[in-house]
Each structure stands twice: as structure tokens, then as C-alpha cells.
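Enquirer: One letter stands for each residue in the lines below.
Number of protein chains: 2
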Amino acid sequence: GVRSSCPATKPSMLNVHLVPHTHDDVGWLKTVDQYYHGDRNNIQHAGVQYILDSVIDQLQKDPARRFIYVETAFFYRWWRQQSQNTRRIVTQLVNEGRLEFINGGWCMSDEATTHYSAVIDQMTLGLRFLNDTFGECGRPRVAWHIDPFGHAREHASIFAQMGYDGFFFGRLDYQDKARRMKTKEMEMLWRASESLTPPLADLFTGVLPNGYNPPEGFCWDQSCNDAPIRDDPDLEDYNVDEIVQRFLNVSYNQAAFYKTNHIIMTMGSDFQYENANLWYKNMDKLIKYVNALQAKGSKVNVLYSTPSCYLQELNLANLTWPLKTDDFFPYADDAHDFWTGYFTSRPALKLYERLSNSRLQTCNQLEVLGGPKSTSGPFGEGDSDTMSKAMGVAQHHDAVSGTEKQHVAYDYARRLATGWAHCEVLVRNSLAVLSGSESPRVFCENLNISVCPLTESSQKVLYFSMNVYNPLGRTVSWPVRLPVNGSLYSVTDTKGKTVDSQVGNYVCMSFKLICNIYDMKSSSLLLLLSFLKVTFDDTTGLLSSLTNLETNQTIRLTQNFYWYNASSGNNKESRQPSGAYIFRPNSSDPFVINKTAEIQIVTVSSTVQEVTQWFSPWVSQVVRLYEGHRELELEWTVGPVPIADGLGKEVITRLDTDIESSDYFYTDSNGREVLERRKDYRPTWDLKQTEPIAGNYYPINSRAYIKDDKHQLTVVTDRSQGVSSIYNGSLEIMLHRRLLYDDFRGVGEPLSEPGEFFDGLVARGRLLLTLTPPNMAADVHRPLAQGMVLQPLLSFQDGTPLANTKLEVCRGSFSGLQDALPPAVHLLTLSQWDKDSVLIRLEHQYQAKESKTHSQPITVNLQVTHTFSFLLTLSNYILLQSNTDYPSPWEVTLNPMEIRTFLLQLRQL
Amino acid sequence: GVRSSCPATKPSMLNVHLVPHTHDDVGWLKTVDQYYHGDRNNIQHAGVQYILDSVIDQLQKDPARRFIYVETAFFYRWWRQQSQNTRRIVTQLVNEGRLEFINGGWCMSDEATTHYSAVIDQMTLGLRFLNDTFGECGRPRVAWHIDPFGHAREHASIFAQMGYDGFFFGRLDYQDKARRMKTKEMEMLWRASESLTPPLADLFTGVLPNGYNPPEGFCWDQSCNDAPIRDDPDLEDYNVDEIVQRFLNVSYNQAAFYKTNHIIMTMGSDFQYENANLWYKNMDKLIKYVNALQAKGSKVNVLYSTPSCYLQELNLANLTWPLKTDDFFPYADDAHDFWTGYFTSRPALKLYERLSNSRLQTCNQLEVLGGPKSTSGPFGEGDSDTMSKAMGVAQHHDAVSGTEKQHVAYDYARRLATGWAHCEVLVRNSLAVLSGSESPRVFCENLNISVCPLTESSQKVLYFSMNVYNPLGRTVSWPVRLPVNGSLYSVTDTKGKTVDSQVGNYVCMSFKLICNIYDMKSSSLLLLLSFLKVTFDDTTGLLSSLTNLETNQTIRLTQNFYWYNASSGNNKESRQPSGAYIFRPNSSDPFVINKTAEIQIVTVSSTVQEVTQWFSPWVSQVVRLYEGHRELELEWTVGPVPIADGLGKEVITRLDTDIESSDYFYTDSNGREVLERRKDYRPTWDLKQTEPIAGNYYPINSRAYIKDDKHQLTVVTDRSQGVSSIYNGSLEIMLHRRLLYDDFRGVGEPLSEPGEFFDGLVARGRLLLTLTPPNMAADVHRPLAQGMVLQPLLSFQDGTPLANTKLEVCRGSFSGLQDALPPAVHLLTLSQWDKDSVLIRLEHQYQAKESKTHSQPITVNLQVTHTFSFLLTLSNYILLQSNTDYPSPWEVTLNPMEIRTFLLQLRQL
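So the protein lines, in turn, are chains A and B. Numbering-wise, full-length UniProt numbering puts 847 at position 847 of the first sequence, and it's gapless, one number per residue. Numbering-wise, full-length UniProt numbering puts 780 at position 780 of the second sequence, and it's gapless, one number per residue.
Derived from the structure by calculation, the hints contain no laboratory data. By construction, the Cβ of each residue, glycine as well, lies at the ideal position given by its N, Cα and C atoms. There may be inaccurate statements among the hints.
What the hints assert, rightly or not - Here are the in silico distance ranges between beta carbons for each label pair:
(1) A:R88 x B:R3: 31 to 37 Å
(2) A:S5 x B:Q84: 26 to 32 Å
(3) B:Q84 x A:N249: 32 to 38 Å
(4) B:Q406 x A:Y174: 37 to 43 Å
I would like the entire structure built from these sequences, with the hints used as guidance.
Expert: Pasting the structure below:
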């Protein structure tokens, strides 16, 4: 129905909806708290506390005034500092629709580099605060991603499933925008899933006319220099007539690109409204003088409004909107300005954010499983909130995107570390409850560089126990590699059974370490275990082929490392350099780092087989097979990227195969559904390709693949990256970037991350390669990717068997589940909602049609006896809430790609 | 008594008075209206309308908060745009002392380059508005000149006589400040007159600790970058303890320089408080956390306060303050940074302002004399308000001072022109009433360049009549020079009596005009009329002697023109260049423009004698004697100052005499009392002279002189200028400046004024020289200077005698006075106050002791029959108000330098 809080409009006129708004980055040039406080204004003048103070003051001055607020991370900070009286005033403004929350997540998430599970979490965090604080009137109706640099289909799908009425954004490819303006397709219906039944993932989507800025000449913020309305005829430069005429022109010009007699104008921008009086005073005058002309026959009606009120008018117009089914990547704002660099910028932060998600999910689960003692137990007070908020902030479109200043990147990482420190206590408490052992427990944070003091101690006879917590809904095989002192170890499981293991020097970190050099010249090298065989070229030391022994298929596979020479901006076509946002190689041909790799065979055994390849002092790789695994692991190490030659470098690895992929390749959207990509092509407009490399890059969050009729080579990655396929049979992944110039998009720094020991950051990561027939690929890559996202958590306890036997209640293993979930079902969320209830999200992790066996509806029974055994031990429970209605509250059917949310209310027995 | 609106203080503690304030220049980088609106924020972010909006909002949030407002020119603009509700709120804030007006003039006047009559007018304009609007609670108690660049004793005298309780300022010589800090003489009693009986001109005067800025690190305006108080321990960088400690340190440090346990901190600066929330929110926290430490033994008490509340505490301390009797000129903020350039900057604007004052006084007088028809009469609607306000604005310390941007200088001039246009109508109406003639009347604005279409018309027989209105209180002899067509003219007065006149080409404007060149080689040149003889050197063409024929005294007098080479800042001692504010010659030896002058004798007659000297294409002078006059007139023309050689030039004329002046010379203060100056010397501290020229410059507004036992050479000038005496017997006057660099004091432009026809402004002016025995000097220079300030207004009517006789009521002459005022009495003000009353200010224009005959008390009878005959024709009247009590309301006695103000209430008979 029509919302009473929306302003009246005039059907016979052109209605101009002025939407007063501020865009408050949750960290960018300053940290989120610096932005909140208004600290470090020498970097950027911005203080969110003052914005909210000022807006609330100004809204009270006139009931016609409206404001929308977006970023709950900031609003939350502000709200907790307000007096009861201010809170009462704000609540009334919200109830009357004068202050409206829009989007409402903890932040306005990045769309290219975020994983859907963290996006859903951060939306939940923000929306829950609004719901708890304001109830239904605080619920955002509209998704509002005015700044992210391209738009993911999965984001639209999530928004649709969350019940948003519509979605507005500001940035899209300039060619796309030009076409849409011409054809009046600035507003559309986005069908955001190929799996979900329409209209489940259908979302009205509008492109805003001026990005998220006001029309030129109408910016009245303290940060702007546009002329104020000078309506005192006794003072200099009375300009009412001129401004009104200009506004009428702007309105008619804009209306020409839209279908209805309603248009929207975003009256605000970055951190605006710190002194809201300037905006409102001038907009009051604008409205007064423009509408006064109606008495003289003008047909323009201007009013304060909100996106949801504007959207309501569009809905009332009852039009059919054009359909959109692909996404809005990549984003270019000019011919040589493709925002495809940030898909990879700050690879270490991107990995840390992804690992932190894994840890948060573990923390959440253990908070539930350990019960109340988790947050207040033998190891003190722990919580998952700190980590939730740190992750919420990290989803921001200048956080995990890598487009923030260096000091802000450090702040995001510090927040995640602090969050984890809080979680560590919780996890220790919870594991104490679950294991019955309160002896100290340590987490070895530096296993990636083979450091763990506990396991490395040099006692003559060393006993230690390791706990592995697997946050997945099913069993996983996970190789563990620990630094130890000595060569004789016995490894047993909880029942005393020996675990397959091997002791040896696994990693050669530098040339100083003496490794066993294999002479390539005399014999051909290959790695071979049960499922895979991989061969190396005798001459070059590069990979040469990959064979799936189960399906008996082989492809030629060459892999090497290259770098694109980043444009420095001194180019005759454009002055655009590569930077944190922009990828712009100055040539389509990357430099190869080395045509040959120096090979060091580290081990060839029945458990694991590894070959280390050295390409240069700053690029190396371990090629690795694990017994029982169906993926080939490429563990790359890149950095410090040298820049002494004065050249910025964008480092890729390229896989070249004999797969007949032609121009096609495939990339996931936020870690879920996969979209088809085609070189030099866009599905919705006739592309004029101006950047043959950068213009073909797309973001991946979890995987990419190429395929032909027979073969599909899938790469599962450990973090978000940029990928492309420039040649037939080829797939390239950008791994690291180090640049010398700022790219003029505001961050004001070249992306050149410092390292800890060297000049420049060293990044390390893993690519998991699977080779299958196309119709079997998903069965492998879906669980493989989920395993990469939710990794086991290792913790260690020092102790002799004697000490352990003292604790008679000690349990060696524990599962929260009655049994493994069905293969198609992913346990997306298990977290404590409040004292008496638990939030569970179950997800069908297959797309429609991608798996012969799994792309089917699947039913799960939520009864404790069937699924969540842990609940049995804790309490009785009832199903309180879910996202849709069911015939039975216990039987839940999931269709491909569906996510269902349940709030289980627990009652202590 | 103790004002109840002042905040409570703690006697046993150090009380820190935080004074929230904004300093709003009435024009500087932007025009006064641009500042008001917040227009042209690209030049400077400043919008006074928003400042007042914001402060009024914020004051309402907490009754403890205080704010002071200074510039009534802005407050007036704002007030007239406010709703009744806002006005009611503001009135309450004023009544409760939460908003306090300080200073309260139309602007914060410049002190070096303003004339006392215009200063009194602009103060009256502002204070009257406050009184009319708010009554007694709106009355400023404290004078507040925080920004002017040096301080005139006459200003202090005026403030004392106006009843201000005290005076605070920010700028004084850095050596003076250092000494005062050391000796705790930052606060003092200024005895501001040598003539008025103490305490008539005594004024408590305080030097503010940080100019008018907050202590370093405590600026919380939107324009500042200091860290906000971050008092949420859950957010980053909690800094309360650090800020509190820093504040305590700052407070104790400052207290060491002051005598009481009260100190003042100015919490604001230029155009601050546009978003007052930032300031108040952080000051609220500062006060809360600093005072919270009192519970732990801290002895610092910080509070919101105002200058008048601070002053009240000082008064309660009942101390004896050190006495100050000289002034605060010149002002230097560093060793090579003397703010003595602005004494002369923009000489044409300075003249135009002075002429405008004369016109405004005439306009005011004629408004009274012409009665109600003046403002609404045969020539339409006229008013004096527009001119009053334009003059009020022009007194600002970046207006007549010449330190504004060029476009702002144009704006001041435009305002004065507009003001005069309104006055012209009034004057036409008034003269129509007074003359009985309603025939058209024109004012020839371009007589200075010998243009007046009416008098130049080429009819065969031309009749025109000229009206001369003399605004002085006595008869004056005033030569009039008109351009005419033809050589046979008859000039008669109102009674038909022939007036002494002469027809000829008086002015040679360029070399193209053929003038009669006198051969200097063959004969000696002299000018000689009844009172003076002046001789020229045969060889050089320069003046050689001046003789007063009455007193029979002769001095050697050489005069020439020179230019100081302005420092460009590339100097090893300092990077300071000369600019709009700063005078810094790069050598103490000026370049002579020409050692010899080319002489053109224009006329030698019994009425007027003139010699024109050409020094260069851009420097010339007319040396002139008028019959019956006791002064030698030097009419100089300087410009366009050439800068093609890349050298900035500061042009002076220097008078070299055989007067044994030693290091002494004398300069007036704002056109009234004269102060003794001494080269390389300051009366109140041991000067270390670092700029031998610039450090010896002082401002004059009306006159300067040098003297010895026998002779006094006095120079009366037509505008404010900078003068010095570098050599014995020498007096130099800076006439014009054209510079190539900005001087880093904010204006951001080099002072290089464009001219109308040439590249660079041409300035022209007059110096009037009198030679007398010292004890007779004042008798000549006092009336001479007043005659220069209040010049006759000429107006012209076309017409034949026939046409004139038609108007039988036509009166040829009229006087508003029964008789000339006594020689010591100056009619300072005669203006319409409101419909029923008239404001009159009478002034004793002599200092004590300077005149044997006139430096005595003098009594004037205000009865119409004795003095103001015009009142007789208009109405009955009563004496309503005056600045002191009298035994008789009609008999008014004036002591030397005393000004008395009367409001005469008129009753129509």
C-alpha cells in the first residue's frame, strides 16, 4: 500500500524527488573511527558524529525535510552515545518517515571482492541493530549501493531474497550508461539468479542520474563551492531567477532519460551534511521558489523525498521494466579507466579477511556448542561480537577491496586481529566445555611460516595434542603441517589409532636453505598419486600436463608467471595510470618472469608429493598433490615485487591448456553462482573494447574455469582475485600488484604495500586445480571451495599422557551434528542470536543443472534427532522464525542455490 | 555590580574563561555580502548566515554555553531574515547573557587609516541597531579589536568616552608582547588622551594570549584539523587523559603571564562556528573532563565565559594596572615584518572613503535642514542610510586599510557610489526645499579631471548657477575650478556681486598638451601671494624655500619624489616581501625618481599661482598658492607606477628642511590628537630596531609635522598615509605603492592596482604645507584639516536668469547656523535620528596647550536663537539626551578635545 510518510506528489507534473543523503565510507582515507570522530581532518574533512548531530537537528526544523542514513556501523556508534531524549526524538523521526534507513547493513559492501557469507553476516548485523532499535519503521526498504565499483549479480540476489523492494546504484560502465540513457533503460528489473524461481531473485534496479552527487551547480554542502541561493534583493547578486531556471532545465534534461513523471536527485555526497543547515536552508529555498512558479503555469514539482518514496511512485506507475540477467562487471568510467585492479589489490588483506570469516564462523559455532560458558568460562570473557563487527567493517567497498590508504588497511587488519583475540578466549572456553580439558590451549598463528613454539619445543620426549575443529557440515580431509624438533614422531587420533604422517623439511623459504636439487636434464619429472598425475617439462621446469586418473582425461597444461607493466599515465591516449582501483597495463603483452623454473624436489612420498619451482628471487611456487585429494595445489609466493627499475608491476600466473575454450570463461559471483564471460563482449550492449587486457578482467571470489566439450579446468582460489582469459585455452589470474602512481580516484597513494622484512609485501596463496568433464565439475569444485572458505581451526595443548588421563571426563572428539549434512546442503550460519535462540542458515550449494546428482531439491529435517545433535545436549527448542512458510516446521526443502534462515528458540530442560 | 548572567567561578582555583567567538571580516577576500551568504567559497570558506544559524541552535542546547558576536553589519543582515520565533529565541538568549554583543559597531574598524568622525558614525550605526533591537541587554560592554594591525590611542579614547568597560586586542609588536609577558603587563590601563581629564579617556586594556585564536591543539572548528576529544573507550584512540593534561599545561603556562587567577582563552577565529556543534561538543567534553579532576585535587576550573564576564572578575580582583599613554603603532610580528605598508595601500580608495565621509556629513545635514521632503521630494526617494552603511562597511580593518582583494576593493567603492546615488536624490530634494528651485541639479563627479558637461556646454551664451554647500560650522574660503568653453565669463555671487575669478588652462594632463615652458636657466622662479612665498632652485627645478610673510620666517625646503625598492622576499635575513600589509624596502636608500624637475609655469596671477613640475612620465606635481590662503598646496600625481623592471615600488615624497627636528616628528591619531614620534625609539620598551625605514613609519590620518624652537612645518593631507622622519629636518610621506608579491598575511594577491586607461592606478592628492612658529601651528592646521575633511559640495543648475526669476521664492543663500560656531568648536555631526529627533555632536577641536587662544574650555548655547537657526524654521525642540549631565541643558561647555552628543527632540509647531 501507499506509505503515509511519503510526501504528496502531483500526477500532472514532473515530480523531482530530492533525496538528502550522506555517503559515509566505513574507512577509506581515514579509519572508520577517525571518520566517526572527525579525527585527522587534515587527511579528509569528515566527522560522522557531527553529521548525525546536525541532521537530527535540522530534521526537527521542518516536518517536510527528509534524510536517509545507510551505514549502520556509524549509526550504531552514534546511537550509543546519545541521551534518552535524543533517542526519543530520533525514534519519532524514524516513525514519521523523516529519517529513513536505507540499505542498513553494517557497511555498504564491496561487490567484487566479498564472499556471500560475510556479506549476509554484515547485512544481518546492521539490520538486526535497526530492528532491535526501531522495529518495523527502522527496516530499510531499499538497497543502496551508490559507490561500489561495479555490481555483482549475487548481491542483487541476496537483496531480493532479503525482501528489499528495490536497489539503486551510481556506478556502471560509461558505455552501458550512455546506451541506457538513450533507450530509457536506466531503470530495470534485475533477475539475479539462474537457479532460483522468479520472482525470488527479481529486484527492481535503478541507475541514479548523477552517480550519487547532486546535479552540477546544486551542491550546497560545506564542502562545495556552488553559489547559495541569494534571495535577499537588498544584498548583492540576487540569483533566485537564475537558479530556478537552471534547476528547471536540469530537471527536464534528466526526465528525458527516465520513463515516468518522477525523477530522483541525490542531494549529497561523501561525508556531506556535517553542517546540514547549509543543504536544507538552500533546498528549502529551491523548493519554495521552483514550486512558486506553478502558479504561473510551471509543471515542475520539487519535493523532499527518499528512495523508497520515489520507488513507490515508480511502482504506482505500473510499468514493465526491461530485464537484466547478467551483472555490472567490469566497471569503466572512461575508455582507458577500467576498475579491474582492485579485484586483486592488497592480496594479503584479502586473504586475511577470508581467513577471518572462517574463524568467525568457527567462533560463532563454538559459542553455540559450548553454551553460556563460552563467553564467560575458565579462560575469561570472550565474545564473537568484536569479530562480527570487524568483519562487518571489512566488507566495506574500500576495505577488502584494497582501495583504502595503507594506514587504514592496517586498521582493518588490526580490527580483525582484535576480533580474533576475543574469539580465541571464547574458543578456548568452548573447547574446554566440549573436551572437558581446561589445560591451556594455544593457537599457532604462524604456521604459514612454519613457526609454532609449542610443537617446536626441544624436550627430549615431547607430547602435545592438537584439536582440529571443522566448521563444515561434513567430514573433510585436511592435511596438517607442523614444525617439529626431531625426526621421530608418532601421530595418533583420539582413539589411539596411528594417523598417516611424515616428518621432513617441507618448505624451502630461501636460497640459503640447502635443498635437494634434482637434475632435470637426465630424467622426466612427474607427480603421481591416486587421483592425479602432473608432469613437468624437462627443458623449462614448467608444468606440462595434468591427468585425472579417475576419468582418464589429460590436458596439456603449461603454467608460468608474468607481469604487466603498469601504465604510469604518460600515455598519449590517456593519462590514466594503474592504481589501487584501476588496472591499466601499458602493453597487452606481459613480461615473463622467467621462461624456465629452477626445480627443487622436496619430497615424493605416498602421502604428499611436492615440487618447488623458483622463477626469480621474488617468485616461487610449490606444486603439490595430497593422497586422497582430487585437486592439484599450486602454492605461489610473490614478492617483494621489485620496483627499482621504476616500473609498476601487476603479477599474474597464466594457465595455458589445449582446452578449446575459445573466448569463453566462467567466474563466480561472490562465491556462489557462476557467470559466463566472453572476451571483448558484454551481453547487454555492443561493446567498443578500448583496453584489450584490463577490459576483459572479472572478479572471482572462489573459482574460475574454462571448458570445452570434454574438459573443464577449474581453479578454486583462497581469496578474491581478478581473472581473465585472453587466449583460447588460457586462464590468467592476477596475484599481486605493486604500483608507483596514484590512479586519481581519491585514495591519493600508489598501491605499494610495505613488507615486514623486505622492501615490499610478500604474498602467498593457493590455487586448487581440478580437471573433470564439464558435467562433473561442480561435484568437485563446490565442496572444494566451501572447504577453502571454512577451514579447520587447529589448537594445541602441551602435555604428557599422564596429565591427560587425570581428566577423566575428557572427550577426544565431538560433533554438533547427528550426521553429515547431505552433500548439497551447506551449513552457512550457526550462531547464538540471543540468550535463548540460535540462528541457523542452511544453503543449497549447487546451482540448477550444474550437477547431475546434486542440483535437485533436497529436504532436511531440523529435528534434533535427525540433524543438530548438539541441541539435544543443551536444551529443548522450538522453531521460531524462518524466511518462508513451510508445511511442516521441521521438514525443510532447499532448492538449488536457496538459502533458508531459522531462528531456533532454545528452552533449557 | 556583579552581573547575574556571568558564570560562577572558583576563587581558590585558576579560572579559565573560554570565550567562544567568531571573527567575521566585513569584507576581505570576499565582499561583505559574499561573506554573509557563504558565496564564492572557492576563495574562502565562510558564510556568516550559517554561523549565526548554527550558534543560535547550539546555544539553546545548554544554558552554560556562551557566544559573543561582534560585527553588527552581519548581524543586521541576518536579523532581518529571521522569523518572529527565532527573534524571540535570540532576544531571550541576549537577555540571559548567553549571546552577548561585543564591540558592536557596524564593523571592527581599522585603527591606522580611519578618521574619527567615520569611526564614531560606524559605531553609532551598530550600537543603535543593537539598542533599538535588544535594549540595555544588547549593549556591548567591551571593545574588541582582536584583528586590527596596531592600535590607535584615539580609538581607545573614543571607546572610553562611549562608556566601554574595557578593551581587548590581539596584535601588538612582538618585542612589546614579549616584554609584557615577562613583566605581567599584558593587562593595563590605557590613558588615551593628553587633553581629557582622567578618567574620561581611561580604558582597561587587555592583550589576548593567542592573538584571537585558541591555544595550539584546541581548535575544534570545521576549518581546523586538531584532534577531537575521543572519549568513547570502545573506539580507537581514546585521548581524554592526554588532552586534559595538555590543557592543564597550557592553562598554567598562560597564567604565568597574567596577574590574577583568571585567564581568558579565545575559542574561535576567522569565520568559525559555521558548524558550532563541533566547537561546543568538544568544549563541553573539555570542561567536563578538566573539571572532573577537581575531585582529585586539580586546581583548574574551566568555564564558558565572555570578555565582559572575564573583565568583571579582573575588576573584582581590585588590582592596580600598569599605565599606558602612547599607542600601539607600528605593529611588527617579526623582526622584518612591519605592518606599515597598509598605512598607504590603495591610496585612491583611501581618498574616496574620505570624500565619501564628507559627502555623508553633507547628506546628513541636508536631510535635517530640508526636513521630510529631503527623503521624499520632487526628485524622488532619497536616503542617507545607504551611504551610512556603505561608510560603516568601509571602516573595516580590511577596507579603508587597503588590505582586501582587488575585487573587494571595487565592491567597497561601488557601495560608496551607490550610497552617494541615494544621497544625491536627498540632496537635490533638500536643496530644492532650501532654495525654492526645483529645476534639475547635477553634481559634476569628474571635476578632478576637469570634466563637467553642464559647464562645458558650447551654447553661445551660457548661464549656469552653482550651489556650494559648506558642511563646516563656519565660513570657509574654497577655490573652485570648473571646465568651461570660452574665455569670457562673468562670475557673481547670490547678491550679484562679482566674484574673483580667472579663466585659463589650469591643468596639463599629458605631454601632448602644449604648455608654456619657462626657461629656468635665465631667471629665478618664485611664487608669491599675501601670506606665503615659495622659491625654486634654478638648477634642479625643485622647491628651495618657504617663507611665511606674516611671521616673517623662512626655511630651506627641498622636496622631491623617491621610491623604495620593495623587498621581493629573496633575502637572507627574511623571506618577507612587501605587500598590502607589510612595508619592507630592500634598502634604506630610496631611488630618486629624478634629481631635477622639468618646470611648466601654468599661471601666475593675483588669484592663484601654480607651477607644474614633471619628474617622470608617471610623477608630476602642481605647486600652488591661493590668495588669502596660508597653506602651500602640493598636488601630486603618481602613477601608473612602472613595474616592467620587475621591481615593486613604494613611492614617497620627502620634504627636507633646515628645521632642527633631530629624531622627532609628530603624527595625528585618527585625525585628532597628535602623538610625538621618535626615530628608532618606543616609549614603553627598549626597541631593537631591525628595519631602519619600515620600523619608523607611522600612520597619519590628517597631518604630520616636524619642528624646532622656531619653526614648525605641518603637512595636512587629504587621506590616510604612512609617514616618517628618517633624517634631521626631514619628513617623508608614502603616496603610492605597487608591488609584485603577496606578503603572506592572507590576502593572497600582490598589491598592484589596475588603472582605468593605463597599466596601473594613477593616484592624485594634495599635501597642504604650513610654516609657523610652533605655538601658532594648531591655529592654522586644525581648521585647515577640518576643511580638508568636510569639503564643500558643488551642484549645478542650467538656466538663464529669466528661468530663475520665475521662481520667486528662490533663495540665493541659506545657513543652518545663527552664526559661525566659535573657532574651537567643530560641528562633528548633524543628522536626522528619527522622525522627531536630530543628533548633534559638538567637538572641541583643539588639544590642551596646543593653541594659546583656543585650547580653553568653550561654552556654546544650544538655544535656537544662539546657534541652530535652522531648527527655528522647522519646529520647536527639546534637548533629549547627551553624553553627560549639565547644569543647564542649553549651555554646553566643551573642554579641549571633548566631544558632546545631543539628541534634540523636535516638535512640529
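Enquirer: State for each hint whether it applies.
Expert: Going down the list of hints, with the structure as the test:
no., hint, in the structure
1, A:R88 x B:R3: 31 to 37 Å, "holds, 36 Å"
2, A:S5 x B:Q84: 26 to 32 Å, "holds, 29 Å"
3, B:Q84 x A:N249: 32 to 38 Å, "holds, 36 Å"
4, B:Q406 x A:Y174: 37 to 43 Å, "holds, 42 Å"
When each numbered hint is compared with the structure, no violation occurs for any of them.
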